[in-house]
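If you count by this note's numbering, then the sequence shown holds residues 3 to 380, one letter each, in order.
All the pointers check out, no bait thrown in.
Here are the simulated DSBU-like cross-link-like pairs (lysine-lysine), alpha carbons at most 35 Å apart as the crow flies:
id	residue 1	residue 2
1	Lys345	Lys177
2	Lys326	Lys345
3	Lys345	Lys182
4	Lys224	Lys177
5	Lys182	Lys224
Please keep in mind that the hints were generated in silico from the structure rather than gathered at the bench.
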Amino acid sequence: MIIDASVLLGSESPHADVVIIGAGPAGIVIALEMARHGADVLVIESGLETYSERIQNLADAADYDHDLHAPMSIATRRQVGGASTIWGGRCVPYDAVDFDPRSFIDGATWPISYDDLLPYYERACMWMACGRPVFDATQVPQLSRTLVPGLVDGNVRSTTLERWSLPTNFGHEYKTQLEKADNIRVVTGLTCTEIVCEPGTSRVDHLVCRTLEGGVATIRGKQFVLAAGGLESTRLLLASTGPDGGSMGNHSDHLGRWYMGHLEGVISNVRFTTPPRETLFDYERDTDGVYVRRRLSFSREFQHERQLPNIVAWLANPELADPKHRSGILSFVYLALRSPLGKYFAPDAQRRSLMGERVPGSPYGEAHQGPVSAHLGN
3 MIIDASVLLG SESPHADVVI IGAGPAGIVI ALEMARHGAD VLVIESGLET
53 YSERIQNLAD AADYDHDLHA PMSIATRRQV GGASTIWGGR CVPYDAVDFD
103 PRSFIDGATW PISYDDLLPY YERACMWMAC GRPVFDATQV PQLSRTLVPG
153 LVDGNVRSTT LERWSLPTNF GHEYKTQLEK ADNIRVVTGL TCTEIVCEPG
203 TSRVDHLVCR TLEGGVATIR GKQFVLAAGG LESTRLLLAS TGPDGGSMGN
253 HSDHLGRWYM GHLEGVISNV RFTTPPRETL FDYERDTDGV YVRRRLSFSR
303 EFQHERQLPN IVAWLANPEL ADPKHRSGIL SFVYLALRSP LGKYFAPDAQ
353 RRSLMGERVP GSPYGEAHQG PVSAHLGN
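With the sequences and hints as input, model every part of the structure.
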């Protein structure tokens, strides 16, 4: 069930087998999976079921480079469903090269391997409603055409795919399951402000949570899951004291030091000598009716040889706001996005980017304003 924080205040401290901080995609999935196995689950969500500007203001950053990062209001979302309420829907897995030791990328080590993740991709794709866990066009019979006629994979690959959710706003998609589950309580309007450990240990004893109206609640549980997103999870850990007197989980002094935004931009114009109608500029649909899009990428071996980070690129549309494209369809899309109804057609970051506004570092937008745009990964 989904309840307001006011129901808890003034009563006995609530507790559960599993307490989850955050009702975004990760928090909702973990709650439903744990409940399916019989656990009593309590989910703490700072936001409400619908957007609240007052609560969203809690996510503001005191200082950041506006030229390198999108505003917090379009980069995070305090609401049931979390960032899935504002994302564009693009789903891509980590590549094997992301886990390789690379001397030219200092300190990029993982406690897990690529093979450790593989068994979970199928279920992740199910929750994301993005089809099967197949991210190579050569493995999808319906996608027999090449990106450009005659272009075959070598050091540069054109068969890697990104998948697009159908779409999934987790707050809407899984609301009924959350409401009907007898062993799930989702508490809205309650912000976790501190994680408190048992004295002298690293074991969590309880959470300190607050409402905007000044109410305070202490939450206890057998197990705790921090699923508040990369920014908010880090912020909460930095604000909580660990057994050594420093920030919780920061024994290595790495906490908050490896934050990475999405570096995207237009890199070139390209002209093919092959027939334009035979080039795959558009999205395609696979066996399950899910939209997929081809990407240009470098092979694992080539990245190591040339000491490159994991960079991908797409063939992209011209800037919608530029009438020189002479396309009625693109002009119509631009006008629709500019209209008062534009917010219903695309997430805010994506809509602003497509209209020609610069939205730096946004993980949910598509800053593709030219024939070839690139994305820098880790």
